[in-house]
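Enquirer: This is what each chain is made of:
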Amino acid sequence: MSWWQRLWRRRQMEEHLEKELRFHLDQHVSELIAQGHNPEEARRQATLALGGPEQVKEYCRDSRGTRWLEDFSQDIRFALRMLRKNPGSAAVALLTLALGTGATTVMFTVVDGVLLKPLPYPEAHELVTVRGHTETWNTKIFGEQNVAYPDFLDCKRDSRSLEMAGTLYDGGTVSEPGPPEYVDLREISSGLFSVLRVNLAHGRAFLPEEDLPGGAPAMILGYSFWQRHFGGRPEALGMSVVLDQKRYTVIGIAPADFRLYGNEPDVYTPIGQDTAAYLQNRSAHPTGVVARLRPGATLANAQSELALIGRHLSEEYADTNGGRTFAVEPLRPEIGDVRSTLWLLMGAVSLVLLIACVNVASLLLARAVSRDRELSMRAALGASRSRLVRQCLTESAVLALSGGALGILLANIGIRPFVALWPGSLPRAQEVHLDWRVMLFTISVSLLSGLLFGLAPALRSPAHGLEQALRAGARTVSGTARRLHSAFVISEIALAVVLLVAAGMLGRTLLLLSSLDPGVNVSNVLVTRMALSPATLADPGRIRPAWQDVLTRASRLPGVQSVAIVDTFPMREGNNQIGYSISADIPPENQQPTTLATSVTPDYLKVMGIPLHRGRFFDDQDRIGNQLVVVIDDVLAKQAFGTQDPIGKHLWIPGMASPFSSGGNAPDAVLVVGVVGHVRHWGLAADDQAQVRAQLYYNFAQVPDPLLPRWSQLMSVAVRTNVAPLSLVESLRQQVRGAAGDQVLYEVRTLDQLASGTLARQRFLLLLFGIFAGLALLLACIGIYGVLAYLTGQRVPEIGVRMALGARPADVMWLVLRQSLGMIFIGVGVGVLGALAAGSLLRHSVEGMQPADPSAFAIMIPVLIFAALFASFVPARRASRVDPMTALRQE
Amino acid sequence: MTEKSDLPQGTLDLLILKVVALGPVHGYAIAQRLQQVSRDVVQVPQGSLYPALHRLENRGLLTADWKDTDTGREAKFYRLTRKGRAQLETEAASWERLTAAVGLILKMSDGGVQ
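Protein chains in written order, with the numbering used here: chain A, 1 to 891; chain B, 1001 to 1114.
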């Protein structure tokens, strides 16, 4: 019989035990009678010989080995009975726990989906990426380098340890089928899907022969694009799509949940068919690499192998690959800067859970104290201390698990709205699910919190001073219990102070940041990205007239004040960071000072409302062939020239990204002609701490011809309007469609939206911290109320005596309030220390966060003290109305 | 009445196994048998007999069926399992070794062993 059978057949086993012992007794009795004893004497002797039947049975049950389980089920039944007996306090405890675990579960679900889960590909731990590395590269500012396409092909051919595939970010205009649309394009190696071990939803992946120059033009559609343009019909396979004037045949559809670097591209084409010059050049590094370790290969193998290949390449192509190596790293999800936000919220939510636990602990403690008599009675009847502790812990575990189950229900309702509320879009949002990992987490957290809040009541189960406890009845509170209660209240208040002050700091920060001058006039500006007609882009001679045409047509629209074309605009929408030099003697790349560079047309200052401080801005004379000129902002003026007048000074701008150095030639000197005000390019919050703040503007008209097609793919149109900006979108779209009707606008927004978007994170944090702080305040007040009500309830006879001896109601109220004031002030003191620590944590992880200042404390702490006093007022008043006679009679 | 000794710790299990090894037997009979064979020298507490039986059954050394006795009453008869027999052999052997060694030491004359 296995243990569960034994447990199951308990009743039968009990019957058998009874029957076996009865048989023994009867046999013994009849034998004694046969020996000549009278029946009564015989039974007495037999019973004596066997021992007390109940005791023998108990020993037999013990030896069965299922004792703990039987006790356990008994404890659970008892616990449920206790819960049913006090529905009020049970409901409060359950609700408190459900809120605490529910909020924690939601946060953990997000943390798990975004930060902890591996990438959503099979055997994701085998996936790596390859990066280029040059000693003189300024990784801190410019980030990690990708790989040159010819280098990638060499690595792919020579590597024994890695199965490699390349990807390239690109975009283009799909003009057929349907209206022209700008699409997110990924050029990929034929092996990408097999490296990732992902099967297509329909059709097939690219063949190696399609991944070569001149291969048959084939295209794979992203699932959403396929749904949007082909209604999800499988007949799309074999149909054609025209992308940038080239006709492709659709051969496959990517699966629905497929993401590449966290995005779902619209269409995929073979990278090998792209004959663009920069893909043949070993000094341009555009190719992202995804690779899988071959069976038996380790990361270390791959690293040393790629380093060796890199050394060979740098010897063979010394001019482009000198000093260049490759690094192999595990492939990680792209999650941007949400990590710190998530951990902050997880921390805040844990504080709320902690408060909930403390609350329930004080509730249970109060009950345990009033159950002293019951527990003492059990101890007197022979229950061991460990048995009583076990029973108390079982009760709190039952409570905790029921709370946890309710919490999971709440989390299940709350998780989607929470993800939707996330500012911008939560990375990996599609991987955020309430799954078994989350369940496991919630169950363990519930059990842990059950242990936490059950321990104090359990450990005070009586084992000593039994007699006293029995005699005293349920009417006195020992000093230990009172101290424990106070400790609970103090820690609740302290935790609430931490959350309240953190919310206060966030609120003040947000106020301050929104009142900052962004450096541009954000109202009434429409910004939109724009793709020229693919036919125009293919013919560099037509590009400048095409942009001029866009400017002229847009400025003719009624409601438009001024129009400019710009590559990157403020509020974090893209950036171009370049190194510069203030002398013709150019230092190596990683020692050059850096600045943001923006390519604009002359009306840009008017559109953005940026003030001109000295000199002039661009005009139509600043063309190719004339003097190269730039305008700088205050920050760059100070950074490059200190207190000297920058007008008339020269700058040299080297490097691949520079418009002023053609190929490998030494850069041309450019003349500074004007100084303008600084713009908070990185957003209201982040700009002060940004690494590269200096700004430099150059005229789009002076971008050399060979760079024009590339630059034209990055340009946006910015329009200052007299009317609501978004009302102009449709007419603007019509106006700039171009002769072929295939010039499109995409990512249309107002500058106002962008500016307020840069504070979205702070606003979101404030909202949640506000909610958590409110919850903490509420829970703390309930806790204070509960504890004081309980403590004063226990003191009714004492109060009765005091009043009989002449104490006035006011004295009694003061007696109670004094007790609570003591707890409140200690709690606030501890909380302030905690809040200072939390403040410095916030300052490290939230952009633009203001240091902990007295005002946050000065506003929040009185709020808490008043709430706490209000909660203690009710029991205090009740105490002051005690009728001495009734109170004394109660004794 | 002769003076009775208490059972040394842990020997009750061995004795029960030995008695049961002789054939299926119920609890009362085991008590009787132990009493008779030890000629009333050893005090077998009846109260601890049943917990011991249940423990041995639980460990899989004994198994039990309900059968009718000669007098027609139903009783629980214990039998040795294969595992129980093996256990009896090892325990009996180690008991022999132990008593032999204890006996040797007790018989030893003063200073008889170097």
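Keep in mind that the hints were calculated from the coordinates and are not lab data.
Any given hint could turn out to be false.
Think about it this way: if two alpha-carbon atoms lie no more than 27 Å apart in a straight line, the pair counts; the simulated DSS-like pairs of lysine-lysine are [claimed, not checked]:
no. : chain 1 : residue 1 : chain 2 : residue 2
1   : A       : K649      : A       : K606
2   : B       : K1076     : B       : K1018
3   : A       : K19       : B       : K1067
4   : B       : K1076     : A       : K19
5   : A       : K649      : A       : K638
6   : B       : K1107     : B       : K1067
7   : A       : K57       : B       : K1067
8   : B       : K1018     : A       : K57
9   : A       : K19       : B       : K1018
10  : B       : K1107     : A       : K57
Negatives, chain B to chain A, calculated, CB over 12 Å [stated by the list, open to error]:
no. : residue
11  : L1014
12  : L1015
13  : R1073
14  : S1094
15  : A1100
For each residue, glycine too, the CB sits at the ideal point set by N, CA and C.
Enquirer: Decide, hint by hint, whether the structure agrees.
Expert: Taking the hints in turn, this is what the structure says about them:
Distance hint between K649 of chain A and K606 of chain A is fulfilled; the C-alpha atoms sit about 25 Å from each other, no more than 27 Å. For the given pair, K1076 of chain B sits about 18 Å from K1018 of chain B by alpha-carbon distance, which is consistent with the 27 Å threshold. For a cut-off of 27 Å, the pair hint linking K19 of chain A to K1067 of chain B stands: about 13 Å separates their Cα positions. As the CA atoms of K1076 of chain B and K19 of chain A are separated by approximately 9 Å, the hinted pair is consistent with the 27 Å bound.
Of the supplied pair hints, the one linking K649 of chain A and K638 of chain A holds, its CA atoms being roughly 13 Å apart against a limit of 27 Å. Proposed proximity of K1107 of chain B and K1067 of chain B is contradicted: the alpha carbons are some 48 Å apart, above 27 Å. Simply put, K57 of chain A and K1067 of chain B have alpha-carbon atoms about 21 Å apart, close enough for the 27 Å limit, and the pair holds. Taking the CA atoms of K1018 of chain B and K57 of chain A, the gap is near 24 Å; set against the 27 Å cutoff, the hint holds.
Pair hint K19 of chain A plus K1018 of chain B holds up; C-alpha atoms about 25 Å apart against a cutoff of 27 Å. About 44 Å separates the Cα atoms of K1107 of chain B and K57 of chain A, which puts this hinted pair outside 27 Å; it is violated. Interface exclusion of L1014 of chain B from chain A stands, the closest Cβ pair being 17 Å apart, more than 12 Å. At roughly 17 Å from the closest C-beta of chain A, the C-beta of L1015 of chain B stays outside 12 Å, upholding its exclusion from the interface.
Non-interface status of R1073 of chain B relative to chain A is broken: a Cβ of that chain comes within 12 Å, the nearest being about 7 Å off. Chain A leaves S1094 of chain B outside its interface by the beta-carbon criterion, the shortest separation being 23 Å against a cut-off of 12 Å. For A1100 of chain B, the requirement that its beta carbon stay farther than 12 Å from each beta carbon of chain A is met, with the minimum near 31 Å.
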